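Working from the sequences, and respecting the hints, build out all of it.
Protein chains: 2
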Amino acid sequence: MSSSLIVGLVGGGTVGGGVYDIVEHTHKDFFRSLGAQVQVKRIAVRNLKKQRDFSVAAHTELVGDWRLVLDDPEINTVIEVMGGITEAKEVVFGAIAKGKHVITANKALLAAYLPEIVDLLKKHPQVKFGYEAAVCGGIPIIHTLQNDYLGDQVSQILGIMNGTTNFMLTKMESGADYGQVLAEAQALGYAEADPTADVEGHDVQAKIALLAKLAFGVHVPSDQIPTKGISSVASVDFEYARLLNATIKLLGMAQLSPDGKKLSVAVSPFIVPREHPIAGTNGSTNIVNISSRNLVSSSYIGPGAGRYPTANSIVSDLVRLARGLVGPPFPVDRAMPLEPDYTSRFYIRLRIRDQLGVIRVVGEIAERHGVSIYAILQNPISDPNDIHFVVTTEPARHSQVQAFADDIEKQDFTKGPPLFFAFLL
Amino acid sequence: MSSSLIVGLVGGGTVGGGVYDIVEHTHKDFFRSLGAQVQVKRIAVRNLKKQRDFSVAAHTELVGDWRLVLDDPEINTVIEVMGGITEAKEVVFGAIAKGKHVITANKALLAAYLPEIVDLLKKHPQVKFGYEAAVCGGIPIIHTLQNDYLGDQVSQILGIMNGTTNFMLTKMESGADYGQVLAEAQALGYAEADPTADVEGHDVQAKIALLAKLAFGVHVPSDQIPTKGISSVASVDFEYARLLNATIKLLGMAQLSPDGKKLSVAVSPFIVPREHPIAGTNGSTNIVNISSRNLVSSSYIGPGAGRYPTANSIVSDLVRLARGLVGPPFPVDRAMPLEPDYTSRFYIRLRIRDQLGVIRVVGEIAERHGVSIYAILQNPISDPNDIHFVVTTEPARHSQVQAFADDIEKQDFTKGPPLFFAFLL
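Residue numbers (the working numbering), protein chains in the order written: chain R, 361 to 785; chain V, 361 to 785.
Every clue listed holds true.
Since the list gives no way to pick one copy over another, a pair counts as held whenever it fits inside one copy or between any two copies.
Pairs of lysine to aspartate or glutamate residues, derived as DMTMM-like cross-links and limited to a Cα-Cα distance of at most 20 Å, are as follows:
1) K388 to D693
2) K621 to D389
3) K388 to E421
Note that these hints are calculated values from the structure, not bench results.
Predicted model, so just to flag it, every value in this text is computed and none were measured.
So this is what it looks like as structure tokens:
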């Protein structure tokens, strides 16, 4: 049953070190008990002189070029944890082409080249491909979707898939300001010096595209996912959310239309009601919630990133591989039109100069675009020249609300584009 | 890769009907796409004349005796969903002995005969054994523990594993009374006419024993699990829990001692702080929370029972079987002493007649048993002859609190045995 795995690890940083530590140190006995040889023969690193924070066994060679991993005929399994999508593509595609099994944590690579990877794997059916670590670090959501929803029908998948922004939103909920929490996240090493990928939602975009592929079989190109980050969310939005007995979370969402014929995929902040398990998922923790016919609603909560959570997912793929238990990495391809124009109730925050007739104009513009207003919320006014107020809507299409917001922006009482996002229903 | 599965279904009730419906109707095309024949050849039912709530295909024969399933040499896979542990034991043991794969939803059977099943499977290594449906119906917790924690070290597993009692506790939290919610649960078909197995925690006992085996490799006989149900919990306990910014949940818990050398397993109501994901898991939903070295804390939430959630888990086992992806059902056996005497902060509700000096006596008894009191809570008193008050403790051993409670019960001011249970820390 068990196969010998001679592993080449490409990347000796945070995650690579964690994988090495588990395979060669803490769980060496467990791997021995599998009755198969599992050992890391080579680790390819960028800088051979850099001090490593893990101890390297005598049977492992550090090499300065990942080609020495691919060219080693004894290595039958490549673990790619180098990141990036240029060299990593050469590593992953090269390894598959040479018939080596691949385990990767690289969501960006998968999102950028999913159809190519699917095709290449079809040409090399003996190659096993694991990517549990690519989405939500320590949550086994890939394995679960690959194995436990096959007799079910998923209708929606959504969740908090970025720990950095959830950490920031959780802090903002306690009254902190966007700039302040971003600086704090950067000081703690949670956010990059250039935080764009996190705060503008691009990281979540890649993850929800992968989960949509797994849940629905549909390839969703990242550039076709309407994406709104958290950089426009202010602490005042949390005050309004509190009035709505809700909070604000940055979610990736993929949702079948009620007739099952179209798929809407989006990344956006959402107003999340307090009683939903997503609302209570705080700090850098991730959650994925799945709606389906058999299970109705199920949630998976765990760490979204970090050395050992991510390494744990890679090791789980490695154990499956050693035991011969890796199944098809992706479901059967399915084509389905994408519908960017999802329907929801919406939260719209307007920033205006107070003047007579604003509400009448807002009402007229809403009516013109077919947007039915549910409520208008107003915090106490301190400066009549810079007022926030919030309009909540009855269910409306995103495009209607966008048109409403564009029209509001043109009015002379407006002090900037309205911020809007959907309610999680 | 894929194997033909000729299935004998033993049990044509709620769960059996759900499995049949998925395999032979809603997901027939998916099973065809596996490239393997998967079909239900026989369904053994107790009463052949009873009307079934699913339509039976021409290739499926209803039989009145499960021996006709076991004796059919063409049937290579037996799904046992009949329940009970007498005949079900004959079915499961008989099928394994004949070299047929087994999928079962029967937690009671597994809990009662776990070492025997493990031994029998060792004698028949070609037999695959699936039991995802046995614990927490729709949560894939068995597969997750079998596959995704193998490079990790679990230190604690706990959760809400019984939907009936969680439904009842959720109702009681809103002020309803135990007797009233039990009657309601019975009327809705959630609770049996004899609700003992649910309300006294025996159902959870079987489930936590199975999860302890999976997480720690240790066989924990059910009769060695200290078990306290919810029948003594009153709505007044929820009032006190609210003062503690917490709620009350019936949990199964298995916990390694800090030195990793002993295992404590218990079933009891717990005081659960509001911010813990377990506190927000309401109604008949189940949750399993796992503490481990790599993942720190992770939670799995879903339906705990019901036709399609349970059937979904059985179908997931069936798909793995068809794909040749079923791994070892249990981890390597490990022996570890059981320590029933776990340490926690405790909640103790006393029922007394008001008289001078009660608090002094309570304090003396606590001191005598080494129990350090953290706080004393008292709701407004309506009848001085029947007063509730609550003592919360600093961390203490269960046995110390039991001795304290036994001593309190002997005092002349006492109106019944104190109710006590642990805080979830």
